[in-house]
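Colleague: These protein sequence lines are chains A and B, in that order. The numbering used here puts the first residue of the first sequence at 1, with every later residue one more than the last. The numbering used here puts the first residue of the second sequence at 1001, with every later residue one more than the last.
In short, the hints are calculated from the structure, not lab data. Hints should not be assumed to be uniformly reliable.
To be verified - Straight-line alpha carbon distances no greater than 30 Å define the calculated BS3-like cross-link-like pairs of lysine-lysine that follow:
id, chain 1, residue 1, chain 2, residue 2
1, A, K96, A, K200
2, A, K374, B, K1307
3, A, K213, A, K200
4, B, K1374, A, K252
5, A, K307, B, K1374
6, B, K1307, B, K1408
7, A, K125, A, K76
8, B, K1062, B, K1128
9, B, K1062, A, K374
10, A, K200, B, K1374
11, A, K96, A, K307
12, A, K252, A, K125
13, B, K1252, B, K1213
14, B, K1096, B, K1252
15, B, K1200, A, K374
16, B, K1213, B, K1125
17, B, K1125, B, K1096
18, B, K1307, B, K1200
From a predicted model like this one, the values you see are computed outputs, not experimental measurements.
Number of protein chains: 2
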Amino acid sequence: VQQVIEQVLPRIVPTPEEEAELREVEKDLIARVDEAARVHDRRLYSRLLGSASRGTWLRYEKDLDVFIFFPEEYSKQEMESIVAQIASEVLVEPQKRYAEHPYLRGRFMGYEVELVPCYALRELKGIKSAVDRTPFHNDYVRSRVGGLENEVRLLKQFLRGISCYGAEARVEGFSGYLCELLVLRFGSFEQVLRSAATWKPGVVLGMGEVDEKRERRRFSSPLVFIDPVDERRNVAAALSLQKFSEFVYASKCFLRAPSMSFFFPPPRRVSRQEVAAMLAARGTVLLGLRFPAPGVVDDILYPQLRKAHRLLRRQLEVAGFRVLGGGVHAGRRCHLFFELLEATLPEAHLHLGPPVNSSHEERFLSMHSSELSKPFILNGRWAVFVRRRHLRAEELLRQFLTGELRSKGIPVHVAEGMQQSLEVVSGEECLDEEALESIAEYLSPLFPWEREQG
Amino acid sequence: VQQVIEQVLPRIVPTPEEEAELREVEKDLIARVDEAARVHDRRLYSRLLGSASRGTWLRYEKDLDVFIFFPEEYSKQEMESIVAQIASEVLVEPQKRYAEHPYLRGRFMGYEVELVPCYALRELKGIKSAVDRTPFHNDYVRSRVGGLENEVRLLKQFLRGISCYGAEARVEGFSGYLCELLVLRFGSFEQVLRSAATWKPGVVLGMGEVDEKRERRRFSSPLVFIDPVDERRNVAAALSLQKFSEFVYASKCFLRAPSMSFFFPPPRRVSRQEVAAMLAARGTVLLGLRFPAPGVVDDILYPQLRKAHRLLRRQLEVAGFRVLGGGVHAGRRCHLFFELLEATLPEAHLHLGPPVNSSHEERFLSMHSSELSKPFILNGRWAVFVRRRHLRAEELLRQFLTGELRSKGIPVHVAEGMQQSLEVVSGEECLDEEALESIAEYLSPLFPWEREQG
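Model the full structure from these sequences, guided by the hints.
Modeller: Dropping the structure here:
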């Protein structure tokens, strides 16, 4: 383990020169922001928060998170418009982004900068949104992480390497703050992994003593880490069971056979032909939907794509098609794909009705007289062989996805994109260059550290 | 109702001449049997029991059930051998048959005769098998049925017409004794139907007061009729939910629109072409098994055929094939048939394994390395895409039905027949002349009274 760590560190720890440069830029940026802010209200001020401030950023990351603090009497709209003005003065190409609340993103001297408005609070009690908690997180970590910064960097890079880093919706993995807390809790990168290698869903952690049973009743996620600055909150709330399990297994594998490929896996390269061959060997039916990506951030888009995928899968299954799996991908276009056991179904469908001599009998009998069979009795219930509505899965999707999509449960931005232009394709036609890796990852998943060095 | 009854009665009530003839034959037969019996033991004697004795037989039935009474010290083997000797002296073409116990069947002056050994008992308490109960049933009905014989005949004929008459395994319907009790309980054929039209599964009846709740706990069949000669017994125990429901619905239909076709439905005539057309319209896959009928009575054969059918259906379903339904038929050969949604399945099958980090993890990972995919994590569990064992349903049945069949759960007489010679066929090949009506009845069931007059 130690040997691998020695190899990894130079790639993720900034040199003294790089660190000095960042501090230089930080000073400059804060000064500029403060200056622009005080024009609006002398009480406004800014601070660098996040990993750059805590000394836990990765060498190749050039991100600066600047929070602008407002007195509590400001409304969200006022804060938003002031921060937008500041950004337009200080940043290159400022863009408005939306998370829980709007913030501004742009560049400053080669760094990616986020300007986030929040309230200046003495105590955590008064917080109005998640961003107001960040300064408290920052203070908590900064005052304790000294000497462990590189351990945090190792954990972050390990998680990034195994595709588990980031609490955003696309990943549903580990946030930077969670990495910091894990290192503080266990003392080192290696100790975090040694612990993780033993985890099963339902782990409860905290900086002090925790009442496991009580916390497990309050939180249902696979990992619960009680926030030391706010014990009502689970820092790992965004972590999916999938990423939790991948981290646990990766930890075991790494400790058993440490290697650089956990930190820096080679990219997975698959050709269209390879994926087509996978498909052919499976004998299944691949159905794909493609539509232009709506202009919203991944944090909004991915949950909507997944919801649409679940909904359409359910439609296919209710119609009798068996869906083996599938996935979503967002690029220039959005891609939903489904692997089915069959493309078509036979006409005959057994439709079960009410019990014989029940109050619904008459209605059932009058409704089903001209089908594939007359109504008959099957073990005490009425039944009838009816003609199936949808014999072809592709046709079913096409038909379902016409008309008003919102009322059918398709989320708003997905519906927008689909209404703009929707393609329903099958087989090799689904193998769009952009979605190729996602499809390969679904058809034949491979842990990043097991990929072949190209 | 009355008008239809008037038309039905002449066809089911014997003329005075016919009745006189039967009594003549009865006297003769009993005398001959008694004579032959007393050679063995002077204490033996015989009685005519059953519907001929109770005056409730149907005009066209020429059945005589003669019970031979033995003192209790006789063993079953002794009784069996003595009855066999008596039969060989008295009957034409005597044949041994097996129900719960062996009995003899043969002809006598144009009548079908059954010679059944039983014990001469004063009280029901001492009974050793179901046949010992028959004399008590006989006494109970004979002493009460006077004047209602034709009502019983109407009910029997009605049940026969709607295919619900007979407690034997092939039918799972209403026994003659149950018909008699129902008429005694409700007073007339029509009153039985008026009651039946309101039944739902769980009806509890008896000749006197019954504790419904208590009886429903003791018996699970759709109709419970407490035997007036033995209150521990449910006379309707053999009645299936299917036949119960059919009778209930037929009763409603008859009372709403009385017609002769309930009593004397035309036969259902279907041609091979018609059934083939039904199949084609359904788009499904019909699979059939055929093998020589083993030489056992229907009461033994039908339950075994049904059990084999359930077992094979289960095999198909476990392998991923969806079975819409099917049926069995016993004729010169035995026929099992299955209607499937698909004849073939694709290679890829998702095989779910143990949870990540569970004790079975290592074993799963080592077992599944060279499949369609490597093992991967799916929501906290291990999973792998494997190659399906059976891609063709027909092949699966063929493969399953080779080698030792008993150990696979195929009942003994079915296994015998299959081992002699087994055909596995599909599509129109299943449409054997002998099984044609059963298959048509499955594909497009029709209530007998709704059949078209040919």
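Colleague: With reference to the structure, classify each hint as holding or not holding.
Modeller: Hint-by-hint comparison with the structure:
1. A:K96 <-> A:K200: Distance ~40 Å between K96 of chain A and K200 of chain A Cα, so the pair is violated.
2. A:K374 <-> B:K1307: 27 Å, holds
3. A:K213 <-> A:K200: 15 Å, holds
4. B:K1374 <-> A:K252: 17 Å, holds
5. A:K307 <-> B:K1374: 27 Å, holds
6. B:K1307 <-> B:K1408: 12 Å, holds
7. A:K125 <-> A:K76: 18 Å, holds
8. B:K1062 <-> B:K1128: 29 Å, holds
9. B:K1062 <-> A:K374: Given pair K1062 of chain B, K374 of chain A is violated - Cα atoms ~37 Å apart, limit 30 Å.
10. A:K200 <-> B:K1374: With Cα atoms ~22 Å apart, K200 of chain A and K1374 of chain B stay inside 30 Å; holds.
11. A:K96 <-> A:K307: Holds, because 25 Å separates the two Cα atoms, which is no more than 30 Å.
12. A:K252 <-> A:K125: Outside the cut-off at roughly 40 Å; violated.
13. B:K1252 <-> B:K1213: Answer holds: K1252 of chain B to K1213 of chain B is near 26 Å, not above 30 Å.
14. B:K1096 <-> B:K1252: 42 Å, violated
15. B:K1200 <-> A:K374: Measuring from Cα to Cα gives roughly 22 Å; hence the hint holds.
16. B:K1213 <-> B:K1125: OK: K1213 of chain B and K1125 of chain B at ~25 Å, within 30 Å.
17. B:K1125 <-> B:K1096: 28 Å, holds
18. B:K1307 <-> B:K1200: Satisfied, since the Cα-Cα distance of roughly 27 Å is no more than 30 Å.
Hints 1, 9, 12, 14, counting from the list given before, are not met by this structure.
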